[in-house]
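Visitor: Here is what each chain is made of, one letter per residue.
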Amino acid sequence: MNTQDYFVPARLLNYMKIDIFTKSRLWLIGAAVFGGMSLLISGFTALGGNTGNFHFYYYGVFLFLGGLYTTSRAYSEMHLGEASYSYISLPASTLEKTIGKVLIYGLGYALFVTVFYTGVSIFSEFLNGIFFSRTHPVFKPFGYNFWLMLSIFIVFQTIFLMGSAWFKSFSFIKTLLFLILLSFLTFIVVIVAFKLIFWSFFDGWNLNRGLDSLLINLQKGGTIQKMVDAKRNIESFDEVFKYIWKVFMWGLLPLGGIASVYFKLKETEV
Amino acid sequence: MINISGINFSYSKKRPLFNDLDLKMEKGNIYGLLGKNGAGKTTFLKIISGLRYANSGDIKVFGQNPAERKPSFFNELCFIPENLYVPPLKVSVYIKLYSPFYPDFSKKKFNKYCDAFELDVENRKLNELSQGQKKKFLLSFGMATQAKFLILDEPTNGLDIPSKSIFRKLVASLATEDKIIIISTHQVRDVENLIDPILILENGKIIFNHSISELTEKISFSFVPSLPDDIKLIHKEKIMGGYMIATPSKSGVDHTGIDLEFLFNTVVSSGDKISRIMEGK
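Chains as they are written, first to last, in the working numbering: chain A, 5 to 274; chain B, 339 to 619.
Derived from the structure by calculation, the hints contain no laboratory data.
Careful, some of the hints might be misleading.
Under the rule of at most 27 Å between Cα atoms (straight-line distance), these lysine-lysine pairs were calculated in the DSSO-like manner [unchecked claim]:
(1) K352/B x K268/A
(2) K270/A x K398/B
(3) K472/B x K21/A
(4) K21/A x K408/B
(5) K352/B x K172/A
(6) K472/B x K172/A
(7) K398/B x K21/A
(8) K408/B x K268/A
Pulled out of the complex, with its shape left as it was, chain B reads as follows (with noise of 0.2 Å):
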């Protein structure tokens, strides 16, 4: 698991980014880690990662120190950032030379993940892909290594469509016991029905941090023609044809399902009212 107490950073003294963030994180999720422009999502996989150092404060993953970026740590950790950089060699070469540091890597399932998204490229140069074909590579090479903890930062943007469904099975068919993946996105269409439970990190503070079915037990999300006078409403979003509204569950509104993108607009506009809520106050 992931342990995070009272971490600091900023990049100036004048604007802290996060100031005493405390987090727990599970094995065997997917957590969906979701924000606005800047508010700190690549600076905190990097922390986590061990890329970047913290000002104060203490972080475990796994029971490591990412910080002390020991190769035992970094063997368990696939970190695919959002822009990618390979280096400029054969796909072939490339695996003799990179995967002898991940004692679990399995070719057979390179292969496999290859084969799914149609990635037939082995005697190509990598810095000679599109960028999608090397999303696909690295996604597939990441997964290969049968990491314990995933990092996957904007994973869908260069995919193809049929890619980005290929990736969802491929991520969720991943999801172990004895993992954590974290995804980072706004695009979070791609991702629907794959990450739970979300993270929202607004101001260098994480506002949101619940599973699904914690959300649905206490929150309607529900799409109605025209907005009922007798409701208490928590948040609500006029679209073609009617309004997306959230509710206490106890309103009696059905639940019509959860839209990613509306949760994320709730929870950043009426952050307040959601954490009574989850709280059950």
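The shape of chain A in the complex, shown without the other chains (with noise of 0.2 Å):
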């Protein structure tokens, strides 16, 4: 296997650049009209008294609208006639195709965006300083809230980057409503599992948890042990629900949508 066929550092730099020259027009548009509006809100809640921590909600809305929003557009050339048999025939590898994009659209713009609005949040509590004497706390891109917004917008990226893939037109939207009804699915299926498989906690479509758990076991004429061993359950099943929607959240929901982005542009045609 030659390796100079899937991965070159050097080429997937080069796809990177071909990327950011020319999608920047439309970050540096989004970013004008966010930063524009983020001063104008900014200073209309000042004049209005409030003064809480408004640059943190700004920068989340700022990131996920914006990212997942760019992000669906990344493979726009991929599905226009005439873009796509120069995207396609661009000697690049998939894999780096696909990298390349994951990089610029999730923690690339994440670092501009963040770097972009730390700026923004200052110049308008200068503004706000010197007009309303009244001011809200400036951005800072640290603490764990900030990073987890963060990994979350790197999950959800992988998904709209998937969607972007997948989808030749509307692909913002199309993602969205891919998403409620995942999400509508997935509850379905897992009311129905816990239902099956942990019907002793559950009391019609109740979960019974905790105490209420071990005092129908107590009404039950349980025994001490199987008051011991029902509450030991309930917590072990605790750890366990977490830990797998650990492993799904920031494991498999990423590396799934990322693996998707890639057979998708192995298999698509001009």
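Take the two lone chains and join them into the complex the hints point to.
Guide: See below:
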């Protein structure tokens, strides 16, 4: 196997450069709109006396709304008749065409928004201080909540990247609908599975947890050992659930999204 | 070289386009691919360039399978489709961004080709150029990559009259021993004296695949003021002032040169006769 045909860092960088140069206009226009609106809304809320953590929440909107929308357009050229010729025949491997987009629209976008919005928030509060003598705390890209938000964005970005590769048009809306449908189906499957597997913890459709479950066991004439077992089951169930959720959220979901992009790129034809 | 064996392809199960298609193409040639609308020319070009997948069969282009879409295959391929796409970039930026993907790209040659086409657009945005200018730019860039495998789909569409002649000269100069160039076109007069051999695709089959010298050795193409009585005609067409006729070369009619349009009509309407004569039967 010749690795040159699969991954060459310099070629990946060249590929990313093309994307940055051709799509930078969309990013800059989006940043200008979000930045301008931030200055206005921040000014109005400061004038109205609200000095809460405005910039952190606004950053979240900027990151998710802007990021997921631009991500859903990441593979737009692959679906345009004429553009698809040059995109598919560009001499970069499928792996590079996948990783390149993940890096640009995930880490790249997050870094761009974070640096840009830190600057916007400082400038905004500088203006608020001068004109209204009231300020919000400036946006600080540190802390648990910031990293959690960023991590969730990176995970969701891979799903929207998948939508961009799979859907030829309206990929943002279609990916949102797909996520809603997926969440609904997952909810149904999980509830039914719980009902079937953990039936002893259910009372009808109500889950009896903790003390309730122990009391029911007690009322049913359970022994001390049964009560202890029931408590242990509930605790271990909680732990298993948390573990499964972590593996799914931080592992399976993003890796599944990226793998799906890779295979879609492989099979796409002009 | 290009080796195609047993290719099957269909857009729908009911309507197969290529059924067990075989073809060999040798280096050092400029192939002319001709065919009616819907004959499958563009699909054929997409399949041999890895942009579409055949349902079954084997394809080797310079020893590689195009369907694997390896960078080492694509950096030896220059495919200029009929309808062009250019990104919204300045010409100079495009060169900086795209040329690193082609190890043999020559900026000097690119400038030479642009000069030949009288294309002075270094600081202009590609998406603001006219269709003809875009085509000249992409042709110049494609030729400057020095790719071994060039596919040009309707390359003269949108080119002005002087540019068509420049195009012929430049492409002719590219045809070195290590390259295969395929030109697919309906504008056969634009590429007359450039393409050789000629491939004609009809109903998913290559019904003609011969060089001009092979052809003229066995078939004469002539203009006559009136139809001769005692000669076996393969095909005739009435034109202003007389007839274009195709006859077996031993019939004694002087060969006056091949008109590609007439050749195409001859092959399409009298394919069986042509095949028999070319096979010496």
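Visitor: Determine for every hint whether it applies to the structure shown.
Guide: Now for the hints, and whether the structure bears them out:
Distance restraint check for K352/B and K268/A: the Cα-Cα separation of roughly 26 Å lies within the 27 Å cut-off, and the hinted pair is therefore satisfied. Proposed proximity of K270/A and K398/B is supported: the alpha carbons are some 19 Å apart, at most 27 Å. For the given pair, K472/B sits about 22 Å from K21/A by alpha-carbon distance, which is consistent with the 27 Å threshold. This hinted pair checks out: K21/A and K408/B have alpha carbons roughly 20 Å apart, not beyond 27 Å.
Pair hint K352/B plus K172/A holds up; C-alpha atoms about 26 Å apart against a cutoff of 27 Å. Taking the CA atoms of K472/B and K172/A, the gap is about 26 Å. The hint holds against a cut of 27 Å. Of the supplied pair hints, the one linking K398/B and K21/A is violated, its CA atoms being roughly 32 Å apart against a limit of 27 Å. For the hint pairing K408/B with K268/A, the CA-to-CA distance comes to about 16 Å; that is within 27 Å, so the pair holds.
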